[in-house]
Amino acid sequence: MERLKNFKGKWDLSLVVLLITEILIFGWINPRFLRIHVLLNSANDFVTVAMIALFMTFVIITGGIDISMGSVVGLSSVVMGLLWQELGFGIWTAVFCAILVGTLCGAFNGFLVAFVGVQAMVATLGTSFLYAGISLVIIGFSGISAAEGITGFPDSFRAIGHGEFMGLPSSIILFVALAVIAYILLHRTTYGRRVFLTGINRAAAEFSGIKTKLIILSTHMLVGTGAAIAGIYITSYLSSSRADHGATIILSVITAVVLGGTSITGGEGSIIGTFLASIIIGLMTLGLQMAGMPTQFTGIGIGLLLVVAVSIKSSMGEGNLISDLKRKFQKESK
Amino acid sequence: MIAIKKLAKMREMTALIFLVLLFVGVGLRNPDFMNAQSISTVLKGSVMYILLAIGMTFVLLTGGIDISVGATLGMAAAVAGTMIRDGSSVVAAMVVAIVIGIVIGLINGFGVAIVKVPSIIMTLGVMGITRGVMVVYTGGRWIENLPDSFKLASQVKILGGLNVYFLIVMIFAALVQLYFMKARSGRYFAAIGDNLEGARLVGISAKKVMIAAYVISGICAGIAGVVFASQVGFVTSNTGVDIEMIAIAACVLGGVSLSGGLGSVTGSCIGAVIMTAINSALIYLKVPSFWNKSIQGMLLIVIVVSDVLIHRYLEEQARKRRLSARTSVLGGAE
Amino acid sequence: MSKKKSLIRLEGIWKSFADNQVLKGVSLHLSEGEIVAIIGGNGAGKSTLMKILMGIYTKDRGEIYINEEKVHMSSPSVALDKGIYLVPQEPLLFPNMTVEENILIGFRQNKSELSARLHELIEQLGWEIALTRKANTLSIAEQQLVEILRGLLREAKILILDEPTSALTFNEVQSFFQLMKDLQAKGIGMFYITHRLSEVFEMATDVVILRDGTITVSGPVEEFDREILIKGLMPENTEMAKAEGEREAIDYSQAPILKVDGLTGYGFRDVSFDVHKGEILGLAGVVGSGRTELAEAIFGVGEIIRGDVLLEDKSLKGLSTMEIIEEGLNYVPEDRHLHGIFHMADVRMNTTSAILSRVSKFFINKKKETEITKKFIDDFRIKVTGQGQELRSLSGGNQQKVVIGRILSSDPKVVVLDEPTRGIDAGARGDVYKIIHQLKKQGLAILLISSDFEEIFELADRAEVMCHGTNTVQLAKEEITMDALTHASFGA
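Chains as they are written, first to last, in the working numbering: chain A, 13 to 346; chain B, 4 to 337; chain C, 179 to 670.
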């Protein structure tokens, strides 16, 4: 028991070690990797993953999951582009509306999960079709080319993805700002406490007077908002609004959360862990590319990280591989 | 009340009625949809989904989920396609495709049953890895120029216009259904999903059964990969993307419970045909194809939500009846 | 006795979970046609012992002999092969399968042959049970019949019955006993786990008392009477006498603080009682008598059909759990693991979970949390390494104290305690009793729900007895005896 507890405290530390090792290895393969501006600019690539993962942490702590967020990224991007170009909204009004759409998507997910009682996995599988479908319908009606998307955004908007402040790229600032918000919300407020308690034992939380349905609903709204912000960011960064922006992001997002130490069955997790894991994944993407590997290797790397991280975590509990082996060993040594 | 109960019991039936209504309803608007050719196209198109749904049913019955089938399908299609293009026999390619399925299934099964990684995470990770390996294998290039004989095999019709692949798959499905109903071990899959503890108590080796489920799912996906290569005639690096979602949706439509223990292969197969028929129906209704995804998503949500609500209603009624029976002194006055 | 063929013999069985030594060298013996009653309080190790017999847990030390042959119980399938069958307290059926499928699953023989044998068996026993019904439509009693059929079809020679009557109605119990006698006549040996002494004298041939992991008393049932058994069950150095010193006058002239008036819901009906300040009202009743459903309805978790709950003349009906806690009523749930504790959270988080908005506005006020938690750790002598210790690493007794602390942190006027000492050891039980007395002294009104009649006997100022969902019998302090409680709660 004590060992397990120590282990939990050491998870964040192991992530730091993993991160440093990763930087050293990639730096050794390609010294250019170690240049500070390369590292800083690499944030552009993983910040979208992090924006979703930070808030996905809340959802997974309550014991849920949301696999529709890739679709929400695309939908918010399309909604924004459409409102701006086709309906003549101001660019910032369009951005605001797109974020609102993301929050509503999350709210619908949360409603299905918390109030109707559909399994989170199934509900968000359905909505992932639905949201991606709505993007396609919007594009279909407006006659935008799906391949190119909407382009030609004003410079003020492009600054979200390309701006700099005090020598730091906007992506870093956005990333850190969101991480701080998520950290305070989860670890320093009564709301975050309620999220944890709901995830550890929903029935006991109900008996403690916590309205768990509202808590679960709100976590889905948070991640929906996060995904919409990610959609806006990527639209700005790539200067194009497209439906398929988030198509393959969900694997990275869930890997970041789980690698960060959040238990997939709920109840425990930390923003610092998700924060570090997002960087690890981001740098791995960059490092593999700089090492001359084709981009497809990233998927293998992320998949391996996910499986290995969860295997290690599951192996720490009772009634699993390690304790099975231990028992077997003890039996034989008798 | 009784009607609802029956409905819940006969999920395959509701799925079938829905399918018939779909054909009749769309047929009223456009009689062409009801003719033999259109129906044959739908059945032919559903072969791949039926295969995946059969495999998925095994996994879902045990209470797990297999997200990696799309990637397995892609991998098998790529390897088998390459072999056939380079002159190997179809049989050899099929064997290799099946072996790929077995290997991936074993990895999934090991992770889920032995290491106790949650199935969604394990198979999500394996999906990422498999996709990466596939693209590395193909170098990102399409596999084209498959021999005509191989492509034409998918068009062969026998028994008065029935597609030969569809016929074979139907026979396969019937055998699997028979296995579930008659064989001793056929019930084991549903048993461990229904009540894991109870299954152990009657001496079922839950680990073996679980691993078997993932292996079967892998094999089905492997075969589906060869079917894909034959039907489509080329293999892109995107082959199989999102297909797992359709397979899961098909099972859910056909009445397989995602919490395990409930469902049948017959239902899944009908669900798979429905998923294909919707796409086809939209064409006949002259609805632009960009509606497909949102309609599939909406349908999935509606079915799952009504399923959950009906079941919760029935359970609540049963609970109330049970509790009320206790309060009458003689017991069972109702 | 010794003429009969020995079925199973256990010698010196030891078992521990983490730091908790559950079994300390238990030896048992069962012969053909015997019914060995195993009795013991909560947490005495009865269920653990039976799970070891069934191969679900592996023993740390000791030997098991079946038909005088040493066996290694490594898994349930070994136990099944050896003719042992456990009928668990909560039947473990497959809810989505039919009765027949439930019974036949896991067999290696031919299905149609088995099916024929099953029909024959049912006919022989003269039971009425539709084989095509789905298991999730069966009552608990029917589910138990299915479990027993399973065991019989497997030609089990040794049946383990784990509190089989706890969820049965009176009539069902009678027919169940008839069944046991039939089986006994066929030479089947049974371990019969129970906490009802009357059943021991009615059914058992031998009796074994397990207390804190050791056997304190054993022998043929004729050699015992109720008094000896009760003495064997009691923790050492405790007297059967009531704790007279704690008695204080309760002011019954004042209006009661909690008034339950004709409350009817699912599982209970027309329940009326009231609780005064500084009073412990015992609500006795066996499992399934509707007491927990009643408590949950009062607490806003369950449904109320009719009637009302008044706290200081204010109706609690229709309020949310949060509002009920704010009004001054709080509840220690029956199932600690399911409804009570946050096992992955630390002591501090557990203690303040019901008063989060009181302790902190928006940001967590850790200082205040720590103060509150410290108070309960000190007051209740909760054994922890620190406030940051996770609940799952505490013993059952300390977990329960944390739950009680959490309930009290909301400054309630009325506390509902549902089975407050279930599954905790004798020492912790004493501590919990002390806490309850303390609360009484502080003027709280306490509704003590328990199926442990000794607990009611020891603590309650008055007692209401629940039977078939309603409180049929009221007992004043002087009238509370084990006999009266048992009689009233079985509707006899």
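Simulated from the structure, these hints should not be mistaken for lab results. Some clues are possibly wrong.
Said to hold, decoys possible - DSBU-like mimics (lysine-lysine), calculated; alpha carbons at most 30 Å apart, straight line: (1) A:Lys225 x C:Lys182; (2) C:Lys591 x A:Lys223; (3) C:Lys312 x B:Lys185; (4) C:Lys183 x B:Lys210; (5) A:Lys225 x B:Lys211; (6) A:Lys223 x C:Lys492; (7) C:Lys202 x C:Lys183; (8) A:Lys22 x C:Lys591; (9) B:Lys47 x A:Lys225; (10) A:Lys223 x C:Lys229; (11) B:Lys211 x C:Lys546; (12) A:Lys223 x C:Lys437; (13) C:Lys229 x B:Lys119; (14) C:Lys553 x B:Lys211; (15) C:Lys229 x B:Lys211; (16) A:Lys223 x C:Lys539; (17) B:Lys210 x C:Lys312; (18) C:Lys312 x A:Lys22; (19) C:Lys495 x A:Lys223; (20) B:Lys323 x C:Lys183; (21) C:Lys312 x B:Lys323; (22) B:Lys185 x B:Lys154; (23) C:Lys455 x C:Lys312; (24) A:Lys223 x C:Lys544; (25) C:Lys545 x A:Lys223; (26) C:Lys289 x B:Lys185; (27) C:Lys359 x B:Lys210; (28) B:Lys323 x C:Lys553; (29) A:Lys223 x C:Lys202; (30) B:Lys289 x A:Lys223; (31) C:Lys539 x A:Lys225; (32) C:Lys183 x A:Lys225; (33) C:Lys202 x A:Lys225; (34) B:Lys323 x C:Lys455; (35) A:Lys22 x C:Lys545; (36) B:Lys211 x A:Lys22; (37) C:Lys437 x A:Lys22; (38) B:Lys211 x C:Lys289; (39) C:Lys183 x A:Lys22.
Only a predicted model underlies this, so the values are computations on that prediction, with no experimental measurement involved.
Taking the hints in turn, this is what the structure says about them:
1. A:Lys225 x C:Lys182: Violated, because 60 Å separates the two Cα atoms, which is more than 30 Å.
2. C:Lys591 x A:Lys223: Within the cut-off at roughly 23 Å; holds.
3. C:Lys312 x B:Lys185: 18 Å, holds
4. C:Lys183 x B:Lys210: 37 Å, violated
5. A:Lys225 x B:Lys211: Violated, at about 37 Å.
6. A:Lys223 x C:Lys492: Cα-Cα ~23 Å, so holds.
7. C:Lys202 x C:Lys183: Holds: C:Lys202 and C:Lys183 sit about 27 Å apart, inside 30 Å.
8. A:Lys22 x C:Lys591: 43 Å, violated
9. B:Lys47 x A:Lys225: 44 Å, violated
10. A:Lys223 x C:Lys229: 38 Å, violated
11. B:Lys211 x C:Lys546: Cα-Cα ~52 Å, so violated.
12. A:Lys223 x C:Lys437: Answer holds: A:Lys223 to C:Lys437 is near 27 Å, not above 30 Å.
13. C:Lys229 x B:Lys119: Given that 30 Å is the threshold and the Cα spacing comes to 23 Å, the pair holds.
14. C:Lys553 x B:Lys211: Distance of about 51 Å is beyond 30 Å: violated.
15. C:Lys229 x B:Lys211: This hinted pair holds, its Cα atoms lying about 22 Å apart.
16. A:Lys223 x C:Lys539: Holds, at about 17 Å.
17. B:Lys210 x C:Lys312: 26 Å, holds
18. C:Lys312 x A:Lys22: 49 Å, violated
19. C:Lys495 x A:Lys223: Given that 30 Å is the threshold and the Cα spacing comes to 18 Å, the pair holds.
20. B:Lys323 x C:Lys183: Violated, at roughly 47 Å.
21. C:Lys312 x B:Lys323: 18 Å, holds
22. B:Lys185 x B:Lys154: 36 Å, violated
23. C:Lys455 x C:Lys312: At roughly 49 Å apart (the allowed maximum being 30 Å), C:Lys312 and C:Lys455 break the hint.
24. A:Lys223 x C:Lys544: 22 Å, holds
25. C:Lys545 x A:Lys223: Holds. C:Lys545 to A:Lys223 sits at ~25 Å (cutoff 30 Å).
26. C:Lys289 x B:Lys185: 9 Å, holds
27. C:Lys359 x B:Lys210: Roughly 39 Å separates the two Cα atoms, so the pair is violated.
28. B:Lys323 x C:Lys553: Measuring from Cα to Cα gives roughly 42 Å; hence the hint is violated.
29. A:Lys223 x C:Lys202: Given that 30 Å is the threshold and the Cα spacing comes to 44 Å, the pair is violated.
30. B:Lys289 x A:Lys223: 47 Å, violated
31. C:Lys539 x A:Lys225: 21 Å, holds
32. C:Lys183 x A:Lys225: Violated - the C-alpha atoms of A:Lys225 and C:Lys183 are around 59 Å apart, more than 30 Å.
33. C:Lys202 x A:Lys225: 45 Å, violated
34. B:Lys323 x C:Lys455: Distance ~34 Å between B:Lys323 and C:Lys455 Cα, so the pair is violated.
35. A:Lys22 x C:Lys545: 25 Å, holds
36. B:Lys211 x A:Lys22: Judged against 30 Å, a Cα distance of about 34 Å means the pair is violated.
37. C:Lys437 x A:Lys22: Distance ~52 Å between C:Lys437 and A:Lys22 Cα, so the pair is violated.
38. B:Lys211 x C:Lys289: 22 Å, holds
39. C:Lys183 x A:Lys22: 58 Å, violated
Hints 1, 4, 5, 8, 9, 10, 11, 14, 18, 20, 22, 23, 27, 28, 29, 30, 32, 33, 34, 36, 37, 39, counting from the list given before, are not met by this structure.
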